[in-house]
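Enquirer: Here is what each chain is made of, one letter per residue.
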Amino acid sequence: EDKVVQSPLSLVVHEGDTVTLNCSYEVTNFRSLLWYKQEKKAPTFLFMLTSSGIEKKSGRLSSILDKKELFSILNITATQTGDSAIYLCAVEAFQNQFYFGTGTSLTVIP
Amino acid sequence: NAGVTQTPKFQVLKTGQSMTLQCAQDMNHEYMSWYRQDPGMGLRLIHYSVGAGITDQGEVPNGYNVSRSTTEDFPLRLLSAAPSQTSVYFCASRTHRDREKTGELFFGEGSRLTVL
Numbered sequence: 468e469d470k471v472v473q474s475p476l477s478l479v480v481h482e483g484d485t486v487t488l489n490c491s492y493e494v495t496n497f498r499s500l501l502w503y504k505q506e507k508k509a510p511t512f513l514f515m516l517t518s519s520g521i522e523k524k525s526g527r528l529s530s531i532l533d534k535k536e537l538f539s540i541l542n543i544t545a546t547q548t549g550d551s552a553i554y555l556c557a558v559e560a561f562q563n564q565f566y567f568g569t570g571t572s573l574t575v576i577p
Numbered sequence: 202n203a204g205v206t207q208t209p210k211f212q213v214l215k216t217g218q219s220m221t222l223q224c225a226q227d228m229n230h231e232y233m234s235w236y237r238q239d240p241g242m243g244l245r246l247i248h249y250s251v252g253a254g255i256t257d258q259g260e261v262p263n264g265y266n267v268s269r270s271t272t273e274d275f276p277l278r279l280l281s282a283a284p285s286q287t288s289v290y291f292c293a294s295r296t297h298r299d300r301e302k303t304g305e306l307f308f309g310e311g312s313r314l315t316v317l
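Going down the list, the sequences are from chains S and X. Take the position in the first sequence, starting the count at 1, then add 467; the result is the number in my numbering. Take the position in the second sequence, starting the count at 1, then add 201; the result is the number in my numbering.
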């Protein structure tokens, strides 16, 4: 059974802390792994990863994929209250199927 | 650019009623899909389409129908609503032809459905 597991389920940190969110997967015919940020409504795209070991970076956020060990991490440095959200990991398999994890709820306290 | 537009945003149904959730996108995306999001379950794929006239089942298709008569629209039909279909529904689209380069899914704002 294809599945995506995210950890931790929730996290509370103080502003300025660095956090690491984890995503492991067991998906047949892997195509890509995507990270999304979900605040009140629609998930918004952060990164798409297809190759192992190549870090994607956008400001204080970065992500990397390990296709041998079947996991990805999302790092957020110098966290801000605006980073409070649910972070979703999704894996795309062949035949256009996407499998999402349950998400990590991040709360950043001022 | 409106992106992905879903209507209605909220709906309350009684068990056994039918309804259609509408989804429209103006980005000329070939791929469109419907998800439901439930607490502790994440987003689960219901149905998807890679172009007009083509639809396929996702992970949780039972109780839902879809059709794709145009590139822009992808309605989701509940023929006989059940309390288990109480959820938040998201429509998402992306380019299919250039998906190797831009795999990003664009999501609508969501539709919250309650079945009593």
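Quick caveat, the hints were computed from the structure, so don't treat them as lab data. On a predicted model such as this, the values are computed, not experimentally measured, just so you know. C-beta: ideal position from N, C-alpha, C; glycine also. Do not take every clue at face value.
Said to hold, decoys possible - To give a feel for the contact side, a few chain X residues facing chain S, derived at Cβ under 8 Å:
| hint | residue |
| --- | --- |
| 1 | Pro-209 |
| 2 | Phe-211 |
| 3 | Met-228 |
| 4 | Gly-243 |
| 5 | Tyr-249 |
| 6 | Ala-253 |
| 7 | Ile-255 |
| 8 | Val-261 |
| 9 | Tyr-265 |
| 10 | Glu-305 |
| 11 | Gly-309 |
| 12 | Glu-310 |
Stated by the list, open to error - Examples of chain X residues toward chain S, derived with CB under 7 Å:
| hint | residue |
| --- | --- |
| 13 | Gly-217 |
| 14 | Phe-308 |
| 15 | Leu-317 |
Enquirer: Now look at each hint and say whether the structure bears it out.
Expert: Consistency of the hints with the structure:
no.: 1; hint: Pro-209; verdict: violated, 14 Å
no.: 2; hint: Phe-211; verdict: violated, 12 Å
no.: 3; hint: Met-228; verdict: violated, 13 Å
no.: 4; hint: Gly-243; verdict: holds, 4 Å
no.: 5; hint: Tyr-249; verdict: holds, 6 Å
no.: 6; hint: Ala-253; verdict: violated, 15 Å
no.: 7; hint: Ile-255; verdict: violated, 10 Å
no.: 8; hint: Val-261; verdict: violated, 12 Å
no.: 9; hint: Tyr-265; verdict: violated, 16 Å
no.: 10; hint: Glu-305; verdict: holds, 4 Å
no.: 11; hint: Gly-309; verdict: holds, 6 Å
no.: 12; hint: Glu-310; verdict: holds, 5 Å
no.: 13; hint: Gly-217; verdict: violated, 29 Å
no.: 14; hint: Phe-308; verdict: holds, 4 Å
no.: 15; hint: Leu-317; verdict: violated, 24 Å
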